[in-house]
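Given the sequences, and given the hints that come with them, work out the whole structure.
Residue numbers (the working numbering), protein chains in the order written: chain W, 1 to 331; chain D, 1 to 133.
Since the hints were derived computationally from the structure, they do not count as laboratory data. Take these hints with a grain of salt, some might be off.
Pairs of lysine to any residue residues, derived as SDA-like cross-links and limited to a Cα-Cα distance of at most 20 Å, are as follows [said to hold, decoys possible]: (1) D:Lys57 / W:Gly249; (2) D:Lys119 / W:Gly249; (3) D:Lys90 / D:Met60; (4) W:Lys227 / D:Ala62; (5) W:Lys227 / W:Pro153; (6) D:Lys57 / W:Arg146; (7) W:Lys234 / D:Phe110; (8) W:Lys227 / D:Met114; (9) W:Lys227 / D:Tyr115.
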Amino acid sequence: MKKILMPLVMVAVLALIPFIGVQYAGLSYLFGVIVPYLAALLFVAGFLYRMVDWLKRPLPFNITSTCGQQKTLDWIHHDKIESPTKPWHAAVRVLSEVLLFRSLFRNNKAEVRKGPDITFASSKWLWMGGLVFHWSLLIIVLRHARFFFVMVPGFADYLDQADSFLDVTLPAFYVTDALALSAITFLFVRRVMDAKLRIISLPTDYFPLFLLGGIVAAGVVMRYIAKVDVMPVKDQMLRLMSFSFEAPGEIGALFYVHLFLVCVLLLYFPFSKLMHMGAIFLSPTRTMLNNTREKRHVNPWNAPVKFRTYAEYENEYREKMKKAKLPVEKE
Amino acid sequence: MKRRRATLTKKLIMTAAAVLILVLAGVYAFRHEESQAEKIAAPAAAAVDSSACIGSKEYMRANHMRVLNEWRHSSVRDGNRVHVAPDGRKIEKSLNTCLNCHSSNRMFCFNCHMYANVKPNCWNCHISPMEAP
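This is how it looks when you write it as structure tokens:
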């Protein structure tokens, strides 16, 4: 219970900090200018550091994980995506993982139902919840382009329209807002309901969920319930985009809660599990080619070994071997 | 196998046709209702008092869309076209009430809406100040 409550309290405290800071201490410059710049800087630097660090690590073994037929004789069907031999096929495998969560689609669930035998069954709920969660967040982030650019890019406009297609409430209701919140709820409930999952879940699993939930909730409340004037918000975002240090205008404290939680997310990102965003593109089990029959994979840190062939051995001991009547290959 | 596939395509076409007919019927039904709704006579308008805005500048900047939305609902659905301001003034619930004061600047709505890239559907039905002569 503590490992669920702790992150929840942390997010609540983190949300209160900018609220009190802006509402009662007038620290809008700190939370509107300094913290966002710091967070962005540390996010980019930390992200690059982690990626470069991973890229520099040697790959001792070819550990591609396959569940398809490796390339072999011509008349045996080669499963190109599951067991890639060309970089292009491996790229398709990585992208299908990134965009469609292919490996989660194969998720299994083990249960003891009636009788002593354990039952395995396909369980697509995690796949579906994760897909809804990630795609909603992606669309929400891209939609925010309208706050960051004077001329809003066309795709953001299109996403905006598609997202508010239900055309209910005013301001128009975004489908992804509801989807993101329900997916976060589902992912949380999933961890709590299943005893096995509850045991292996850590505070670092709950914290990002609560943090993202807090960000989305603050955004939703700001849009539909406790209105915030959008003009100074866009002013401020444009200033941040042009690296200006001007003080922000009059904006409601709720906006600073939203912004500060995003900053916390950016700060937390490079040093946490959330790095799976970059790591998925580097994961050896997805990116490596299953071409061990065509190419010898050499461990890059292998020390150079001095080999001695049998021919060399025989050259040295030929006379002694003949004397001892041992068979030799060359006379 | 081929024959089975043929029957499958046939079934698909039939389903698609059925869905199309349903959608068309739905669209027709809605059209019908809308034209009936138009026949309801507009209630008498209240006197327009436009000496001051109905709310403070800060309130209107953040909440004007809610005021307009509330006005639309209560005037169209309940026929209540009179808004009573907190100070007791009676104001007609109409876009014209707003534009009586704010029409001097044709870009009054559009300046901010274009800046924030917000596209309300007011002008789907109403004549926008940009189009007005």
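Discussion item. Hint compliance check: list the failing hint numbers for this structure, sorted ascending.
Written reply: 2, 5 and 6
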